[in-house]
Amino acid sequence: MRLDRDLAQPSLALPGRREWPSRAFVSTPPVEPRIEPTPGGQAMRRRLPYSSQGLAILTILVVVLWSAAPAAAQGKPIRIGEINSYSGLATVYTFPYKEGLLMAAKEINDGGGVLGRPIEFIFRDDKLKPDEAVKAARELVGQEKVDFLAGCISSGVGLAISAYAKEAKTLYFATHCQTSRLTWDDGHKYVAHTTNNVNQYIRALAKKAATLPYKKWAHISPDYEYGHNVWDEFIAYLKQLKPDVQVMQENWPKLGETDHSPYITALLQSQADAFISAVWGAQEIAFVKQARPFGLFEKVKYVSASVGNPDELDPLGKEAPVGALTPGFAWYDEGMQKRHPKLAEWVKKYETRAKKEPTLGASWGYASAYIIAEAIKRAKSADTEKVIAALGEGYEMEFPWGKVIMRGCDMQAIPPQWTGVVKMNAQGKPVLGDIEEIHGKDVIKSCDEVAKLRAMAAEKKK
Amino acid sequence: MGVALAVAPLVLPSFFLQLLTEIAIIGLFATAFNLLMGFGGMVSFGHAAYFALGAYTAALLVKRAGVPLLAALAAAPLVAAAGALLFGFFIVRLSHTYFAMLSLAFAQIVFTVIFKWKALTGGDDGLLDVWPPTFLKSPAAYYYFTLVIVGLCILALHAIVDSPFGYALKAVRENPRRARYIGIDVRRHQLAAFVISGAFSGVAGSLFAFYNGSVFPDFAYFTKSFEPLVVALLGGVQSFFGPLAGAFGFKILEWLISRQWPVYWPLVLGGIVVVVIVVLPSGFVGLVGGRRWRRQPAVKA
Amino acid sequence: MSGLSVGMLLFLVSVGMSLIFGVTRIVNLAHGAFYMVGAYLMVTLVELLPDRPWAFWVALLLAPVGVAVLGGVVEVGLLRLIYRRDPLLQLILTFGLILVIGTLVLLVWGPDNKSVPRPDALAGSVKIFGQPFPSYYLLVLVLAPLVAVALWLLFYRTRWGMLVRAATVDREMLGALGVNVAALYTQVFVFGSWLAGFGGALAAPTVAVALGMDGDVLTTAFVVVVIGGLGSFAGSFIGALLVGLLQSFGILIFPAVSIVLLFALMAVVLIVRPWGLLGRPDA
Chain A
1 MRLDRDLAQP SLALPGRREW PSRAFVSTPP VEPRIEPTPG GQAMRRRLPY SSQGLAILTI
61 LVVVLWSAAP AAAQGKPIRI GEINSYSGLA TVYTFPYKEG LLMAAKEIND GGGVLGRPIE
121 FIFRDDKLKP DEAVKAAREL VGQEKVDFLA GCISSGVGLA ISAYAKEAKT LYFATHCQTS
181 RLTWDDGHKY VAHTTNNVNQ YIRALAKKAA TLPYKKWAHI SPDYEYGHNV WDEFIAYLKQ
241 LKPDVQVMQE NWPKLGETDH SPYITALLQS QADAFISAVW GAQEIAFVKQ ARPFGLFEKV
301 KYVSASVGNP DELDPLGKEA PVGALTPGFA WYDEGMQKRH PKLAEWVKKY ETRAKKEPTL
361 GASWGYASAY IIAEAIKRAK SADTEKVIAA LGEGYEMEFP WGKVIMRGCD MQAIPPQWTG
421 VVKMNAQGKP VLGDIEEIHG KDVIKSCDEV AKLRAMAAEK KK
Chain B
1 MGVALAVAPL VLPSFFLQLL TEIAIIGLFA TAFNLLMGFG GMVSFGHAAY FALGAYTAAL
61 LVKRAGVPLL AALAAAPLVA AAGALLFGFF IVRLSHTYFA MLSLAFAQIV FTVIFKWKAL
121 TGGDDGLLDV WPPTFLKSPA AYYYFTLVIV GLCILALHAI VDSPFGYALK AVRENPRRAR
181 YIGIDVRRHQ LAAFVISGAF SGVAGSLFAF YNGSVFPDFA YFTKSFEPLV VALLGGVQSF
241 FGPLAGAFGF KILEWLISRQ WPVYWPLVLG GIVVVVIVVL PSGFVGLVGG RRWRRQPAVK
301 A
Chain C
1 MSGLSVGMLL FLVSVGMSLI FGVTRIVNLA HGAFYMVGAY LMVTLVELLP DRPWAFWVAL
61 LLAPVGVAVL GGVVEVGLLR LIYRRDPLLQ LILTFGLILV IGTLVLLVWG PDNKSVPRPD
121 ALAGSVKIFG QPFPSYYLLV LVLAPLVAVA LWLLFYRTRW GMLVRAATVD REMLGALGVN
181 VAALYTQVFV FGSWLAGFGG ALAAPTVAVA LGMDGDVLTT AFVVVVIGGL GSFAGSFIGA
241 LLVGLLQSFG ILIFPAVSIV LLFALMAVVL IVRPWGLLGR PDA
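Residue numbers (my numbering), protein chains in the order written: chain A, 1 to 462; chain B, 1 to 301; chain C, 1 to 283.
Source of the hints: derived by calculation from the structure; they are not laboratory data. In this text the structure is predicted, and so the values were computed from the model without any measurement. Ideal Cβ placement from N, Cα and C applies to all residues, glycine included. Please note that the accuracy of each hint is not assured.
[As the list claims (entries may be wrong)] Short, incomplete list of chain A residues facing chain B, as computed with Cβ under 8 Å: (1) Gly-111; (2) Glu-120; (3) Arg-124; (4) Asp-125; (5) Asp-131; (6) Val-134; (7) Lys-135; (8) Arg-138; (9) Glu-139; (10) Leu-159; (11) Tyr-164; (12) Glu-225.
Let's have the full structure, built from the sequences with the hints guiding it.
Given below as structure tokens:
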């Protein structure tokens, strides 16, 4: 039999082999004790399986037809390619964000658009993967010929898109992700940040925390970039404001940890009188639920970077950590609405549209659309370099929740910052109360500090 | 086919060139994977590890050590092969389910090391600004470049499959016991196949690093390991060019569906996997050991 | 101590996976998805039922049934078609199921995080050795071993259990002896799914019910069954305890490597003794 003859020769000695069979592949039928090529098998072997052939032909047809169709009209609308996570577990944040974004876009267009042109968002899903985001960015810029890029929720994705935008010389507005590196360490002229960055809101939180009588601090933060970012910013600023602060303990659970009991026990034994948690989302819900029976929150003051968000507070319900200090967008708060008279109306409009209450992300989406539109308006053109120049000059905008400054030196947005305390309202639902408001501009790093940061980062890269 | 690929840049807009580049890369990855699965009868769930090793090696060499691109691309498969040798030594001693599970375990370990070793790999921030030198940066240029490299690799893989080594591998897949009786060192063949597969996966990874412009730890995550698997399944593991066709179809499908209904893409992907497996011709059974009529030991002694 | 409770919850999930593998030789990767569905069903049931003390227990009883039904549908509708195929293909198919079920959960329940509040009676803590210990974990520490004992009785003292054990050793022979092996497969799969759903429903008040919870539990359960031995009931128990305790203490002793510890252990077991601590070295 052919096969045996071939196998009888030493098989790993590839060079010098002259008797290589010409068939690409031997297809063997199952169950026969003798291994023989199937009759007619020879003819089939070279070709691809029919199913894949058909599939290949079909897709070629689709591609040809698709590219033959005129690329979406370039004429009137200003097109913005928006890349975000619209599948999987990030949707709890991105769905409300998208509602806010589209609500603003509609308002802008109803009001005559930008420079007489409507703005249009084209959405792509990044599947929470930076390489998918880059691929989507390529498609949007290369194929759809968008004027600008926008979006991100994961910081890794934001940084990846930013790196691509720099290469492609397309202006990118990072909208939902928070890392300060976007406009600072890894900043460049093709990236602007239309929302909060970690530096601002953590410093605002630290500023409030410094007014509390706690000197011995511990923390629990997920062991990845964001977690480290939050803790570093918080403790640095806290120590700046209150030099006698002591760090009693550090806890670094892995991102997505499900059982925090060992950390809870550790915190109880740490002799800290307060701790900050950078744990967020579903992980924080689990943490709070697990910590409550231990009485952790009664013994150690709980400061959290995110528990005030409705995606965490609402599911916690009666298990919410009453008394915790946290940032949050408490649009329902009486004090807030008195300070910002237009807020209630905005909320109602959002609720009519989205059939749900707004989240902080929704406000960011809303603001982002307006900020982008304003930059184009000020540039009097959708030309990238002109818009960058307009952004470089900086400007301010009023929103239903306060003033947002788009700073020129780093193209970073500076919104108002709120801190509140978790309370139960009359209906037994957890909400934020005792809202205190400061403005990001009072705490954010100055332009000089940013320039130093950028220089340091550039040095490291060399 | 070849002519079409060569003139594509003149006809297609740049995005499609990039898509084709990506298809070529994934096609290489899947073909390398299929060396193991279709021809070797060993299914690995941890191939992302070698892909990532290749990607990170190339990226680090170019970014940190200033090594020229071609040298980095040459080094990447060596590192990936080393990893494959190290892990494969243990993995090939097992078979089937246990083989798959150990490969998965090692891949997760690689992922964790990349994730935690921030100083070297940048951790979950990844390595950014990993671009090819200027003359290769344009989509058309990188497309040709990728095509050439992938083409050479495919030729090499084809030669390997078509060689006595390849036939010995297939014999091992069909009936390891019998192969051993004829005098083939089963384990050595399997390990060699594993290392070769890992090396070419590393090439794919390194090409991808420069295509993407950045590398991240999730290149090593187990979900990435399923990509070549699904692609190869879709295209047909029975043939050498199946995975390439599968790469083509898969990427186009992904692009079309993700842009319209992103929420549904995982559903579609899962559905594809389910459907392909259910309707796969029973020929595949014959390829992977004839389980219907003979029980193979699940674990090699 | 809480490591024990976590281990117990893990046991409930793992034993189902181990059982399914033992009989059908399929590693059911969708097991984590079943766990997730169990938790989500718990959320819905608790919301639908009136706010009474018994509501929680009724929900705990019903949620796993829903998952069992899902398991039955999957088995009869899909897995039966591919039993003759290579087990690895079946494994890959269950991976496809993860994606399908995950998206379906998103479509049905929406993207928001959810939570099941602990029943009032168990919301607090008790003092054990002077340390507060959450009462709900006591429930787990009581229920899970009860389930374990019940399972043991089921497998070792009933005829059905005997058939199941025989199937894990030699299913062809069992078929040759006239037992309807196909029906047995379905029953085992449904029962395994029920266990996963029960694990999910019981665990729901201790974690957040959110998309992605299937991934976490799957990887850990996977490690448990590998370490304990695929197909071994006692192995799952010991493996789960080991992993639960290791996770709790690993965090304290080796914080830097605790993530990789589990996988390293799994790798070691696979290298040294692939069929696990208490498994059987057969096909």
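Checklist line | Hints violated by the structure (listed by number, smallest first) | finding: Going through the list in order, the structure violates hints 1, 2 and respects the others.
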